[in-house]
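Residue numbers (our numbering), protein chains in the order written: chain A, 1 to 272; chain B, 1001 to 1289; chain C, 2001 to 2357.
Keep in mind the hints are simulated off the structure, nothing from the lab. For each residue, glycine too, the CB sits at the ideal point set by N, CA and C. Check each hint, because a few of them may be wrong.
Claimed, not checked - Listed below are several chain A residues computed to face chain B (Cβ distance under 8 Å; list not exhaustive):
(1) Tyr-44
(2) Leu-46
(3) Glu-53
(4) Ile-54
(5) Tyr-189
(6) Phe-193
(7) Asp-199
(8) Ile-200
(9) Tyr-201
(10) Pro-204
(11) Gly-207
Claimed, not checked - Which bits of chain C does chain A cover? Going by a derived footprint, with three or more residues having C-beta under 8 Å, they are:
(12) 2083-2095
(13) 2121-2130
(14) 2142-2153
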Amino acid sequence: MGRYLAIFLTFARACLVRDMTFRANFILECVTSLGWMSMNLAFYLLVFQYTAEIGRGSGWSKAPFFAFVATGLIINSIVQAFFMPSAEELTEMVRTGGLDAVLVQPLDAQFLLSLHRVDFSSLANGAVGVGLLAWALSRMDHTPPVIAWLLYPLLLACGVAILYGLVIMLAAATILMGRNQSLYDFWFYLTNFSRYPADIYSGPWGGPLRMVCTFVIPILLVVNVPARVIAQPLSGESWGAVAAAVLAAGGSIVVSRWVFQRALARYRSASS
Amino acid sequence: MSEAVARPAAAFQGLRTWWTMLAISLEERLVYRGDFALGTLMRFLPIVTQVFLWTAVFSATSRGEIAGYTRNDVIAYFLLTMLTRAFSSMPGLATGIARSVRDGSVKKFLIQPVDYVSFLLAARVAHKLVYYAVAALPFALVFFLCRGFFPPLPDVPTIAAFLLSLVLSFLLGFFMEATLGMLGFWFMEVSSIVFGYMLVQYLLSGHMFPIDLLRTVPVGIGGMTLADVVHWLPFEYTAYFSAAIWLGKVRGTDLVASLAIEAGWVVAMAIACRVAWWRGTRRYSAFGG
Amino acid sequence: MVFPYTRPMHNSVSGSATAVKDPVICVERLAKHYRVYDKPEGLAASVRSLFHRTSRVVEAVKGVDLEVGRGEFVALLGPNGAGKTTLLKLLSGIVTPSRGTARVLGHVPWERADDFRRRFALVMGQRNQLWWDLPAAESFRLHQEIYRIEPSRFEKIRDELVDLLGVRRLMLQPVRELSLGERMKLELVAALLHEPEVLFLDEPTIGLDVVAQHTIHEFLRDVQQRRRMTVILTTHYMKDVAALCERVVVITRGDVLYDGSLAEIVDRFTTHKIVTLDFDEAPDRSLIERFGFPCEFHGPQVVLRIDRSRIADVLPEVLASAGVRDVSVEDVPLEQIVAELFRADAREAAASMEAAS
Chain A
1 MGRYLAIFLT FARACLVRDM TFRANFILEC VTSLGWMSMN LAFYLLVFQY
51 TAEIGRGSGW SKAPFFAFVA TGLIINSIVQ AFFMPSAEEL TEMVRTGGLD
101 AVLVQPLDAQ FLLSLHRVDF SSLANGAVGV GLLAWALSRM DHTPPVIAWL
151 LYPLLLACGV AILYGLVIML AAATILMGRN QSLYDFWFYL TNFSRYPADI
201 YSGPWGGPLR MVCTFVIPIL LVVNVPARVI AQPLSGESWG AVAAAVLAAG
251 GSIVVSRWVF QRALARYRSA SS
Chain B
1001 MSEAVARPAA AFQGLRTWWT MLAISLEERL VYRGDFALGT LMRFLPIVTQ
1051 VFLWTAVFSA TSRGEIAGYT RNDVIAYFLL TMLTRAFSSM PGLATGIARS
1101 VRDGSVKKFL IQPVDYVSFL LAARVAHKLV YYAVAALPFA LVFFLCRGFF
1151 PPLPDVPTIA AFLLSLVLSF LLGFFMEATL GMLGFWFMEV SSIVFGYMLV
1201 QYLLSGHMFP IDLLRTVPVG IGGMTLADVV HWLPFEYTAY FSAAIWLGKV
1251 RGTDLVASLA IEAGWVVAMA IACRVAWWRG TRRYSAFGG
Chain C
2001 MVFPYTRPMH NSVSGSATAV KDPVICVERL AKHYRVYDKP EGLAASVRSL
2051 FHRTSRVVEA VKGVDLEVGR GEFVALLGPN GAGKTTLLKL LSGIVTPSRG
2101 TARVLGHVPW ERADDFRRRF ALVMGQRNQL WWDLPAAESF RLHQEIYRIE
2151 PSRFEKIRDE LVDLLGVRRL MLQPVRELSL GERMKLELVA ALLHEPEVLF
2201 LDEPTIGLDV VAQHTIHEFL RDVQQRRRMT VILTTHYMKD VAALCERVVV
2251 ITRGDVLYDG SLAEIVDRFT THKIVTLDFD EAPDRSLIER FGFPCEFHGP
2301 QVVLRIDRSR IADVLPEVLA SAGVRDVSVE DVPLEQIVAE LFRADAREAA
2351 ASMEAAS
C-alpha cells in the first residue's frame, strides 16, 4: 500500500539526514567497507596470477568470476543497507521495550522492524559492484543475450528476497531468545558459503553440501543464479535455476513471515 | 616487613589476582551456554569453503602446485593460521586502551603501583589460557579430522622453532596493538588508525593467503618482490611465519634469520609501547586528565 | 499497628455493588506466568549449568477479574513486581495470557487486530516509543500516516495538545536531546493524536520532577474529561491516584487486593482516626494516657489514635481536658494506608514462602 511506502520514505529520509549530519562518520564507514572489499579483490587478482579458472571447466575464468563477485557485492550491499541495520537493532529494542511500542501500533510489525533503519554507507560496496560488473562484462568473451539482461534484475531481487527471509528468521530468533550478539556472526558464517561459485562444491563431500545449500537453505541460489545468467552462456539448465531462484524467493518470504508471526505470538516482553 | 619477605608476598598477591582473573574469564565464557561449544566449532566453517575453493583453484593449474604449495599444503596452511592467529590476535586491546584513556579509567594506573602494560599483558595471558582451554577440544577434533592434509610431522628442532615463533607472535601481536592503543593519548579517534592496521594485517599477515604467493609481484627496485619486502615487516610474523615453519617452507639459516627478525620486532614494539606509555602519561597529566 | 484485613480467597472486594455500565474492558480470570531460568553463581555452578538448568515459574498475574466502563479513570496501584505492568501488557496485546479471557472495546487484545490498535494508546514511563533519532514533529507525522489520521484533524489536535502541554518549541529537536519530562509530554501528545478511546498509562510520572508531574496530572484530567476516554493508569505513587481517579484497584503479587473508590479504602482499611490536640503547654501525660488510646507527645502537642467506633463518645471527654487550645480530627493519610497494605502483604508473602520451604 502507498501508506507503507510513505512511512518507509520517512524513515529513509530521517536516516539520510542523520548520516549527512555525521558526515565524517559516514565517510569513514564507506571507506571501511570499501577497504575490506578491495583487499578481497586484490586477493582474487593474485590468485588469477596462478590459475586461469576457478574450477576446471566451470567457465569461471577471470572476467566471469569478477562478474560473480560484482553480483555478490550488489546483492549483499542492498541487504546490508536496508534490512540488516533494523535487525541488528532488534536486540536493543527488545531490551528497552521499543518492541512493545511497535506491537501496539496498527501497522505490520515485521514491516516496521525490518525497515525502520537504513544504512546508506553500505551502498558504497554496491556502487563499486556495479562498476566492477561493467568492467567484467566488457572483458568477457561471451556477450549476454537480451533475455539475460531482463532476467538479471529479477534474479537480483530474488537473491535479495532469499536473504531477507533469512534475516527475518534470525530476527525472530532474537525476539524469542532476547539477546543475540551472535546474529552478525551467524550471518557471516551462513553467507560465507555463497562467496564463491557453487561449482567449487563438488566431490563426495561437496556434492551433498551443494544440495543442502541449494534446496534446504538456498543461499547458493542467491548470487549464483543471477551471476550465471549474465556471465555464462544460457542453457536448458539455466531455466531450471531461474525457476528455483524464484520459488526459493517466494518460499523464503512466506516461511520467514510465518516464523516471525509465531515468534511475536510467544513474545515475553522484558519485565518492567 | 623486610624486603626479602615483601617481594615474594607481593608476587604471591599478583599471582592470586591473576588466578581470579582467570577464573572470572572462564566463568564469563561459560555463561553463554548455547554459544559456547558451537561458537568455537563455527569458527572453522570458513575453512570448509577454503578447502573447496583452493581445490577448484588447483584443479585448473598445470603443475599442481602454487608458489611451492600443493593443494594439501594450502589447506594445512589455513588450518595452521587459525592456530597461529589464536596466539597473536588481541581483540579489543587497542580500542580498550584508547577507551580507558578517553573515559579516564586509565588514571588509576597512574596512581596505583601497578604497571599498566604488565597488567594488560597478564590479563591477556589469562584470557588466552582460558581460550586455549576451552578451544583445545574443537581444535584437536578438527586437526585430527584433517590430518590427511598435513605433511609428516617435522623434526624436533623445527617443532621447537615453531613453538618459539608462536610465543614471539603472541608478544608481537600484543605490543603492536598496545602501542596502537597508546595513540589514544594523542588522538581522539583511534578507531580509524586501528582499522587501517587491521586492513594491512588482513592483507600482509598471511591470513588470506600464504605470503609466498607474493613472489610474483615485483616491487620495481633491485628485482625484489613484494614477498621480500613483507619479509622485513612485522605483519607476516603474526600468522604466516609459524605456519610456514611447520610446513617446512622456511628452513636452516633462513629460519634462524627470520626468527631473529621476529624477535627484533618484538623488542622494537615493546620499546615503542613503553615509550608511548611514558610520553603519553606525561602528556595526559599535563592536561589534567 | 494491626491491620484488619485478610487476603481474599480468590479475588477482590468490590467497592460498589452495582455492575459497570457500558463496559469497555472486561477481564475474566486472566493469568500470565513465566518460566525463569536461574543464573548460576560461581565457577562450579557455571559448569553445571551447561548440562542442566534449574528454573521456576513466576506467576506475574494470577487470575484477575476486572470490569471498566466507558469514561472511567482507574488506577492500578501496587508495589513493584505486583503485576500491574504485566496486566497492562495483556490488555494492550503485547503478551498473550497463560489463562483467562479479556476483551477491550470488543476485541481480544492479543489478536492485535489493526482495528483494535487504532482505537487505543499506550504510554510507558521511562520507555520511549517515539523514534529516537527523529524530531518529535516527524514522529507525529509518522503517527498520522500509521493511524491514518485525516490531515486537517491531525493538525488541529496536534496544535491543541502541544499548546496545552507547552511543548511547541520542542517539536523540532531530536527526541534524544530532550529531558525526561519533555520527552514524556511529547509521548503523551503522540499517544493522543489519533483520539484513542482507551488510554493505558504505565507509570507515566516516574522519574519526573514535581512540576512536570503536576502539569501532566492536569493535562490528563482535562483531556480525559473532554474526550470521555477510558483511562487505566498504573503507578506506585499515591499522588497520581489522589490527583486523578476515583476508582482504585490495588494489586499485589498478581492478585487484586481491593477494587473500589478511594474514599472506601479509608473506611475499609482503617479502624481509627488521628486526633491532634494542641495544648497551651505540655500536658500531664497521665491525664491523656488514662483514656487508653495510643498517644504520642511532642511538647505541647499530643497525637492520639482513637477508634472510629468510639470517636463520638470519647472526643468530648478528651476535649474537656484542661488547656486544650486546638484540635484536629483526620483520617489516616492515604499513603500510609496503602504503604501498610503493601508491607503487610509482603510480610504474608515471606511467611508463606518460609512455610512452604
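Evaluated hints:
At about 10 Å, the closest approach between the beta carbon of Tyr-44(A) and any beta carbon in chain B exceeds 8 Å, and the interface hint on this residue is violated. Among the interface hints, the one on Leu-46(A) holds; its C-beta lies about 6 Å from the nearest C-beta in chain B, closer than the 8 Å criterion. At about 4 Å, the closest approach between the beta carbon of Glu-53(A) and any beta carbon in chain B falls short of 8 Å, and the interface hint on this residue holds. Satisfaction of the interface hint for Ile-54(A) is found here, the shortest Cβ-Cβ separation to chain B being roughly 5 Å, below the 8 Å cut-off.
Using the Cβ-Cβ criterion of 8 Å, the hint placing Tyr-189(A) at the interface with chain B is satisfied: the shortest such distance is roughly 5 Å. Nearest Cβ of chain B to the Cβ of Phe-193(A): about 6 Å, under the 8 Å cut. The hint holds. Hint on Asp-199(A) holds. Least Cβ distance to chain B is approximately 7 Å, under the 8 Å limit. With a least beta-carbon distance of about 4 Å to chain B, the hint placing Ile-200(A) at the interface is held under the 8 Å criterion.
Annotation: interface hint on Tyr-201(A) holds; nearest CB of chain B at approximately 5 Å, less than 8 Å. Checking Pro-204(A) against chain B: minimum C-beta separation of about 12 Å lies over 8 Å; hint violated. Taking 8 Å as the C-beta cut-off, the interface hint given for Gly-207(A) is violated, the closest approach to chain B being about 11 Å. Counting residues of the region 2083-2095 of chain C whose beta-carbon sits less than 8 Å from any beta-carbon of chain A gives 7, enough to reach three: the coverage restraint holds.
For the region 2121-2130 of chain C, the assignment as covered by chain A holds, since 6 residues bring a beta-carbon within under 8 Å of that chain's beta-carbons and 3 suffice. Under a criterion of three residues with beta carbons nearer than 8 Å to beta carbons of chain A, the stated coverage of the region 2142-2153 of chain C is upheld, 5 such residues being counted.
Violated hints, listed in ascending order, are 1, 10, 11; each of the other numbered hints is respected by the structure.
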